[in-house]
Amino acid sequence: MTTSPSEAPAEAPAEEDTTEAASPLADLANEIAGSIAGTAEVNFETAKVRVDPDRWVEALTAARDEHGLLFFSWLSAVDWRNEVAVGDKLTSEVEERYELLAAVSDLTEGRLVIYSTNLDRDKPTIASLTAVYPGANWHEREAAEMFGIDFLGHPQLEKLYLPEGFLGNPLRKSFPLLSREVKPWPGMVDVEGMPGQADEEEPAAEDAEA
Amino acid sequence: MTVTDQDLVRHLSEAAVSIELQTPEMTLNIGPQHPSTHGVLRLVAQVDGERTHNVQPVIGYMHRGYEKLAEVRNYAQITTLINRIDWVSGYANEVPFIVATEKLMQLEVPERAQYIRLILTEMARISSHLVFMASYPLELGAATPLFFALRDRERVLDLLESVTGGRFHPNFNRIGGVKPNAGAGSTQRKVSQDLPKTFLGETKAAMDKVLESADEIEDLVAGNEIILARTKGIGVIPSDVAASFGLSGPNLRASGVNFDLRKVSDYLPYSKFEFNVPVGENGDCWDRWYLRLLEIRESARIIQQAVDSIPSGPLQAKVPKIFKVPKGEVYVRAENPKGEMGYYIVSDGGLGPYRVKIRSASFSNISILPWLLEGAIIPDIIAVMGSLDFVLGDVDR
Amino acid sequence: MMEFLSNFWVQLVIKLLIAALIVPLVGMVIGFAEMKLSAKMQSRVGPYFAGGRWGWAQLIADGVKFFQKEDLVPAEADRPVYKFAPVLVLVSAVAILVPIPFGPAVVGRDLDLGVFYVLAISTLSTIGVLMAGWSSANKYSLIGGLRAAGQLIAYELPLILAVVGAVIMAGTMSLTGIVNAQATWFSEHGWSLGMPFVLVQFVGFAVFMIASLAELARIPFDMPIAESELVMGYITEYSGFRFLFFFLAEFANMFSLSAIAATLFLGGYWAPGLSERMLNILGPGILFAKIGILVFIMIWFRWTFPRFREDQLQTIAWKWLVPISLANILATGVIKVIA
Numbered sequence: 001m002t003t004s005p006s007e008a009p010a011e012a013p014a015e016e017d018t019t020e021a022a023s024p025l026a027d028l029a030n031e032i033a034g035s036i037a038g039t040a041e042v043n044f045e046t047a048k049v050r051v052d053p054d055r056w057v058e059a060l061t062a063a064r065d066e067h068g069l070l071f072f073s074w075l076s077a078v079d080w081r082n083e084v085a086v087g088d089k090l091t092s093e094v095e096e097r098y099e100l101l102a103a104v105s106d107l108t109e110g111r112l113v114i115y116s117t118n119l120d121r122d123k124p125t126i127a128s129l130t131a132v133y134p135g136a137n138w139h140e141r142e143a144a145e146m147f148g149i150d151f152l153g154h155p156q157l158e159k160l161y162l163p164e165g166f167l168g169n170p171l172r173k174s175f176p177l178l179s180r181e182v183k184p185w186p187g188m189v190d191v192e193g194m195p196g197q198a199d200e201e202e203p204a205a206e207d208a209e210a
Numbered sequence: 001m002t003v004t005d006q007d008l009v010r011h012l013s014e015a016a017v018s019i020e021l022q023t024p025e026m027t028l029n030i031g032p033q034h035p036s037t038h039g040v041l042r043l044v045a046q047v048d049g050e051r052t053h054n055v056q057p058v059i060g061y062m063h064r065g066y067e068k069l070a071e072v073r074n075y076a077q078i079t080t081l082i083n084r085i086d087w088v089s090g091y092a093n094e095v096p097f098i099v100a101t102e103k104l105m106q107l108e109v110p111e112r113a114q115y116i117r118l119i120l121t122e123m124a125r126i127s128s129h130l131v132f133m134a135s136y137p138l139e140l141g142a143a144t145p146l147f148f149a150l151r152d153r154e155r156v157l158d159l160l161e162s163v164t165g166g167r168f169h170p171n172f173n174r175i176g177g178v179k180p181n182a183g184a185g186s187t188q189r190k191v192s193q194d195l196p197k198t199f200l201g202e203t204k205a206a207m208d209k210v211l212e213s214a215d216e217i218e219d220l221v222a223g224n225e226i227i228l229a230r231t232k233g234i235g236v237i238p239s240d241v242a243a244s245f246g247l248s249g250p251n252l253r254a255s256g257v258n259f260d261l262r263k264v265s266d267y268l269p270y271s272k273f274e275f276n277v278p279v280g281e282n283g284d285c286w287d288r289w290y291l292r293l294l295e296i297r298e299s300a301r302i303i304q305q306a307v308d309s310i311p312s313g314p315l316q317a318k319v320p321k322i323f324k325v326p327k328g329e330v331y332v333r334a335e336n337p338k339g340e341m342g343y344y345i346v347s348d349g350g351l352g353p354y355r356v357k358i359r360s361a362s363f364s365n366i367s368i369l370p371w372l373l374e375g376a377i378i379p380d381i382i383a384v385m386g387s388l389d390f391v392l393g394d395v396d397r
Numbered sequence: 001m002m003e004f005l006s007n008f009w010v011q012l013v014i015k016l017l018i019a020a021l022i023v024p025l026v027g028m029v030i031g032f033a034e035m036k037l038s039a040k041m042q043s044r045v046g047p048y049f050a051g052g053r054w055g056w057a058q059l060i061a062d063g064v065k066f067f068q069k070e071d072l073v074p075a076e077a078d079r080p081v082y083k084f085a086p087v088l089v090l091v092s093a094v095a096i097l098v099p100i101p102f103g104p105a106v107v108g109r110d111l112d113l114g115v116f117y118v119l120a121i122s123t124l125s126t127i128g129v130l131m132a133g134w135s136s137a138n139k140y141s142l143i144g145g146l147r148a149a150g151q152l153i154a155y156e157l158p159l160i161l162a163v164v165g166a167v168i169m170a171g172t173m174s175l176t177g178i179v180n181a182q183a184t185w186f187s188e189h190g191w192s193l194g195m196p197f198v199l200v201q202f203v204g205f206a207v208f209m210i211a212s213l214a215e216l217a218r219i220p221f222d223m224p225i226a227e228s229e230l231v232m233g234y235i236t237e238y239s240g241f242r243f244l245f246f247f248l249a250e251f252a253n254m255f256s257l258s259a260i261a262a263t264l265f266l267g268g269y270w271a272p273g274l275s276e277r278m279l280n281i282l283g284p285g286i287l288f289a290k291i292g293i294l295v296f297i298m299i300w301f302r303w304t305f306p307r308f309r310e311d312q313l314q315t316i317a318w319k320w321l322v323p324i325s326l327a328n329i330l331a332t333g334v335i336k337v338i339a
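Sequences listed follow chains A, B and C, in order.
Just so you know, we're using my numbering here: the first sequence kicks off at 1 and counts up by one.
Just so you know, we're using my numbering here: the second sequence kicks off at 1 and counts up by one.
Just so you know, we're using my numbering here: the third sequence kicks off at 1 and counts up by one.
I should point out that these hints are in silico values taken from the structure, not numbers from a laboratory.
It cannot be assumed that every hint is accurate.
Coverage of chain A stretches by chain B, computed from C-beta distances (three or more under 8 Å per stretch; other residues unrestricted) [claimed, not checked]:
1) 24–38
2) 49–59
3) 67–76
4) 102–108
5) 117–130
Quick list of in silico lysine-lysine cross-link-like pairs, DSBU-like style, CA-CA up to 30 Å [unchecked claim]:
6) K89(A) <-> K327(B)
7) K209(B) <-> K36(C)
8) K321(B) <-> K183(A)
9) K65(C) <-> K209(B)
10) K15(C) <-> K40(C)
The structure presented is a predicted model; accordingly, all values stated were derived computationally and were not measured.
Yeah, the Cβ is synthetic: ideal placement off N, Cα and C, and Gly gets one too.
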């Protein structure tokens, strides 16, 4: 995990070199990581700081108070599983866990930092952020019902999107999509060319252009 | 900083009852079927006379499960889904997702395609703000601006349709650029790969008309004393509260925060154009309305500058039909008409993503409603809700 | 023939027929005018297909449509009250037209207390609105009904006070007498020149027009209905012909209140230079023209302005209109005594 400020610019405008743009972000990420005993990485102009779950609230309080990241963007989770009910399996084995993500940003230069912490895969629990950022309220409710994460100290952890009595947590990788159970989606197979177009068909290249 | 401080002056209206009659409260459901809730939003309010408290929004009537659906589709197919998140500004939803995917693939998008994306995004912004211009006075009771704003919006939608084929769900972005031959199948790829010939000229003329209509709407609505009385000082959101709730876009800027993703972020070549970012002062409903009117003008000017300086070139980088996106995680956010829209993509190197998190603007915009509507009277609820300019597709995804 | 027509009973039957027909007719004409005028203001066309290119049969079609709908009464509604409310509103609209003179001899019944009677009857519709709001067993109707209670009662006062100035100037409460006073204002000086009271009672006229807009619950004072907030306010649960009653009653009330305003302030059926026999024939037309102008102004306001909030509405009534009309009465009285 290294910082990569010198990646090739995808569509950066002429006068702004990505190296310059990534550097304040990388500095900020490193500063934050240093102060909270976490690790920082900047990939594809996205800064991610990993912290321990015990220091979650502390880290985000410091983000708001010391580092000027006043804008609460979003909070969600990623369910890292090796066996999935829907979609493709992961290509390499991962440690099964929930990765909780919270993105906060400053309001002057637009430096956005994503805080990440790993939660236990069987009983994911963490302290709530509503006291630090009130906007986390609804995001945490959504994460709770979609992933089954328990947020301690949340004032109103009820269902947000799903109707009452809904069983299960939809965004978990173990939760199936009913329509995929019935039959696989034809859209997922290789696309055929239009009729009379066989010579123009691009080879179904497996690797993306780099 | 705490936001439970009820002494913040949010409302100027005081329907104070001088005789304190003890009356039981009534639970009123505003919505989900209601003329003013912009879709299927339900507010459960405890009403005492006209004054309400404990207003709880109930959402999820339009939840379509996009994040789950995205896990079984490949990247090009997801674009067809995400148009429909904020259906009023259809094109703008696709842009951050495509840019995020291109970042993961480290593709260089041709300049002409970026300019076209910018023009269409700004058109989507004008379209979305004109819908707001139409519907907000209607909620306050004035029925006439609706027709003027929607009539003028037809011009923009006609342009969008002429180049993308769709008024509301363009699905015009492709990985690496925009769709090469607008409006025809790929059998004609050798013949013409570009925009319709008249598009740029018509766009410029239409933008003049849009500027005129913005002036007309300002005359009709902005000087009206009743509208000023209904919106000034109502629904004041201080800037720190706005930022901590995650309010974005015109809602945040109306509270005095000068923050526009078009200026600080480089997902599209906005730095090549001169435009102002309107910033409000008080954070009341009037500021939010007026700001969007000013943004219409700024967008029209950006489009005129872009049309003048658009470079020639290919419309799409060379990308195979079926491709795999390399492993990585990326978050790209854009200044959508409703606010900040972003996509966090976790890719495992396959045909489709492992996880897509969609950060939609209206979701955070209306999370402030319980705080904002505490103690408001019913007409003010309608005025405040309308001024936040949300769309249920954006809230519920 | 003339004896037949001057038989009391024949005249009564004719008057009853006119009263029964005038509301649907007037309602349709004004409703059609509203549809077409609002369309013109909003760059639309309006009714187009019903009855040829002008769409004049639109409201006839609407009337028939309303009558053939199912008669729904909500299960929890208070049935007798629910059914009687629209009747009350419509009856008060018709009853106002009794003393209004359409010509020197063309009047339902010339009452000595014409002004008093008219203002008293127009209050009946308030009760009808409250009944509708309460009996519908619907929270939105209840809120609309309560708003109506506050608004309609608050604006009765400026309505009444505004006409007092005209009554003082004319010296009589009879509507025919007031029109005569306007027609013959300067005749004691040897000029056969009249003066519509609006020229000096412009304050009273303005207050009366504003208060009558509020009594009609039209935009900018349509909080009781408030379509974007309360779905339809107190009318929410009404459908079919009961809704038609409310719908027609609104237009009939527009007509009636404009008729009163035209009579009190604009000179009623009188136009300068016409003899009494001519006024008997042309009078109704002249009055309709004046009513038409006022109705046009009401329609114009409706499509131009948004609506006031309830507390702003009450502020206008109590803090502005009542003091202004009281000042108007004071000034009129003083000038009448002096001059």
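Hint-by-hint comparison with the structure:
no.	hint	verdict
1	24–38	violated (count 0)
2	49–59	violated (count 0)
3	67–76	holds (count 6)
4	102–108	holds (count 3)
5	117–130	violated (count 0)
6	K89(A) <-> K327(B)	13 Å, holds
7	K209(B) <-> K36(C)	27 Å, holds
8	K321(B) <-> K183(A)	24 Å, holds
9	K65(C) <-> K209(B)	42 Å, violated
10	K15(C) <-> K40(C)	36 Å, violated
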